[in-house]
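One-letter residues, chain by chain:
There are 2 protein chains.
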Amino acid sequence: MKTAVLGHGTVGSGVCEILLDRKKDVSIAAGKEIELGPVLDIRDFDNIPYSDRFTKDFSAVLADPEVGIVAEAMGGIEPAFSYLKAALESGKSVVTSNKELVAEKGAELLSIARAHNANFLFEASVGGGIPLMRPLYSAMSAAGITEMAGILNGTTNYILTKMFSFGADYSDALADAQKLGYAERDPSADVLGWDACRKIAILSSLVWKKTLRPDEIPTEGITKITVKDVSAAEKCGFSIKLLARAKRLENGKIFAKVSPALVKTGSPLSTVSDVYNAVLVRAETTGEVLFYGRGAGKMPTASAVVSDIIECAKAKDNIENVYWENGAQSVFAGKDSVPEKYFIRTEGDVDHVLFGLEKLCENVFMTKPLTESEFSVLKEKINEHGSLLSKIPLFE
Amino acid sequence: MKTAVLGHGTVGSGVCEILLDRKKDVSIAAGKEIELGPVLDIRDFDNIPYSDRFTKDFSAVLADPEVGIVAEAMGGIEPAFSYLKAALESGKSVVTSNKELVAEKGAELLSIARAHNANFLFEASVGGGIPLMRPLYSAMSAAGITEMAGILNGTTNYILTKMFSFGADYSDALADAQKLGYAERDPSADVLGWDACRKIAILSSLVWKKTLRPDEIPTEGITKITVKDVSAAEKCGFSIKLLARAKRLENGKIFAKVSPALVKTGSPLSTVSDVYNAVLVRAETTGEVLFYGRGAGKMPTASAVVSDIIECAKAKDNIENVYWENGAQSVFAGKDSVPEKYFIRTEGDVDHVLFGLEKLCENVFMTKPLTESEFSVLKEKINEHGSLLSKIPLFE
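Protein chains in written order, with numbering that gives the first Met the number 0: chain L, 0 to 395; chain E, 0 to 395.
Hint data in this document are derived by calculation from the structure and do not stem from the laboratory.
As the structure is a computational prediction, the values presented were derived from the model and not from experiment.
Careful, some of the hints might be misleading.
When chains are identical, the list treats them as one kind, so a pair holds in a single copy or across two.
[To be verified] Taking lysine-lysine and the DSBU-like style, the derived pairs with C-alpha atoms no more than 35 Å apart in a straight line are:
1) Lys223 x Lys380
2) Lys246 x Lys1
3) Lys315 x Lys263
4) Lys252 x Lys22
5) Lys358 x Lys84
6) Lys263 x Lys313
7) Lys227 x Lys208
8) Lys246 x Lys22
9) Lys297 x Lys340
Sequences are here, hints too, so could you generate the full structure?
Shown next as structure tokens:
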């Protein structure tokens, strides 16, 4: 069976390399021969061993009856969406590393896949090389997952690790990440939390079977985190991580949030450093489970794409558990639905305002569980007598 | 489809509860109705809601055409082996939490399963509720796994955690674990490392497709670890964990070892505390991946059994990747095949003997990589001038 690869960038070229260099392993795992088919890219690649496979014409890929699987690694919504829709409609299975596309168009593509008895898989869109999606939709499908909390963005985790370990300023740590190629020249999608937001939207939709739209999720990045926050947290026994969280409430709605959050030093999430990712899953029957690994990078991400290619090759029909719907109503529970404890740094004469709260050290307190609205009231009081310098929710 | 449950102890009763209480979730995940069938136990259970399902006669279970899946949680080799062999030969699929059976008879049962187009799955035999087997044989099947290191025994990890966190003596920590029900009255299988040994034998066999026999694996428990070892390790930036390790060498042989080992403080394995388990997997394409969760306990283990029941119900044929063979030759590489660094504690005037080694603190050194035989030579030299108090390999 031939696999076409769309987009020959970092991930796409990694997929080609694995399909060529590990052809035997991949074919054994799939139970049938898996061959690299046409590779679509608008650029020319004349001097590589498989340059004869390149094409600029998607309709040729679509028309090729030997292509049973299409692996997309172009990124962005268009033309990826139109290409993948057409591939699924012609009965080809599709795998992708494109989290933007899955977060925005997942329900639609899954529905088209089902209608044509094909598969649409996207292991590589969240957590890079960590086998994550399959345990969630397969081994844990009846475990009663209630909550997920993930460190899903390697760039921000690298920056926070530098701030924590070396006392680096945010801007210095960002510059360092850019120098090493971990952060892009325009780092907005990472540092403002959008990337993590798309990923938790995908996980939530997959696990609870209804689309959670990224634009509904309150999302705060790490740009306001200072070295003072990091060192105050450390002094009190915590690390600061950019967490993407989702929790199923009793009414069936989903509370989700992307923000810096405190995790206890020594807890499994606290040791996830540098560009590593991890997802903590809580389920009724299994308790806490954590998946950890390289969340990005050419070979880990390409390896996840290839694991989906193998899954598609093995599947005899549409895999039923990989599915979610665009509900008529939003599943988002609202930002005020779950009260949280907040770690706050203050200045000024505010001790009497915060009387009764846990005082962690000078000017640093832990609030009782508060909703966002309740917190606003507290904030006003603090600012009457001093200043609220920062506020970071605690993940317990 | 009916699932028979063999053995109504901790795990078996958990399986019954999940199949009854979560029937809808389980059936949705399996894509067909999954019903609790006959429950086999030599004891009577008259006062529970499903007491009408009990039987003491395995041949009745075997003869029931509605029973498509048999879940075994009796433990031990016999009669479990004979029962499961008969079930597979009659075309029923079998799932088990019985690590002793899988480690000893895995290849044989897998071969019978294949011959009868049935499945033999054993997710619950290693790592309790952690989805571990399926990622290894499915998502990572072509990733080129080179090495695994696991904290696979909750009892010993609990004892080491107490020694580390509270400076408890080994015997006090063991007594505490027994009081809490984490350790059995005869704790040998846990504290001598046999349980972890069986589990790494299963993982190694599954991943590299040839039986690694537990009795070939050099296995050392935690009974010789003292508070002084633990605190010296901590002072030098390490934790001591009972690690079960396996590594594929270039000649295709497997080096495996169960022993206390040093892991760097702050590394993901170091934070695995109390009864939690974790497995670190290194693979060519994905780099490091870690799976973490509850390695034992009624519901986590039962949940893993049920995830296998779902997998059997969904599978249309024998799952090809779940397979290994009894090779004609042993795959074990020999205990001298991989040199390791050792953390050693000494007493007496031994500094001149250890000249050139890294001195971590007074009387504590880290050796260069040494094989077991090379270490014996060093040990003799040390004991000429003082004493070797302890020797613990470093896991890097």
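We went through each hint and held it up to the structure:
1. Lys223 x Lys380: within (22 Å within a copy, 59 Å between copies)
2. Lys246 x Lys1: Between. Shortest inter-copy distance 33 Å satisfies the 35 Å Cα cut-off; intra-copy 40 Å does not.
3. Lys315 x Lys263: Neither way: Lys315 and Lys263 sit 45 Å apart in one copy and 45 Å across, limit 35 Å.
4. Lys252 x Lys22: Classified as between: cross-chain Cα gap 22 Å, same-chain 44 Å, threshold 35 Å.
5. Lys358 x Lys84: For Lys358 and Lys84, neither the intra-copy (56 Å) nor the inter-copy (63 Å) Cα distance is at most 35 Å.
6. Lys263 x Lys313: neither (42 Å within a copy, 40 Å between copies)
7. Lys227 x Lys208: This pair counts as neither: shortest intra-copy Cα distance 41 Å, inter-copy 52 Å.
8. Lys246 x Lys22: Between copies only: 23 Å across, 40 Å inside.
9. Lys297 x Lys340: between (38 Å within a copy, 32 Å between copies)
Checked against the numbered hints given earlier, the structure breaks hints 3, 5, 6 and 7 and satisfies all the rest.
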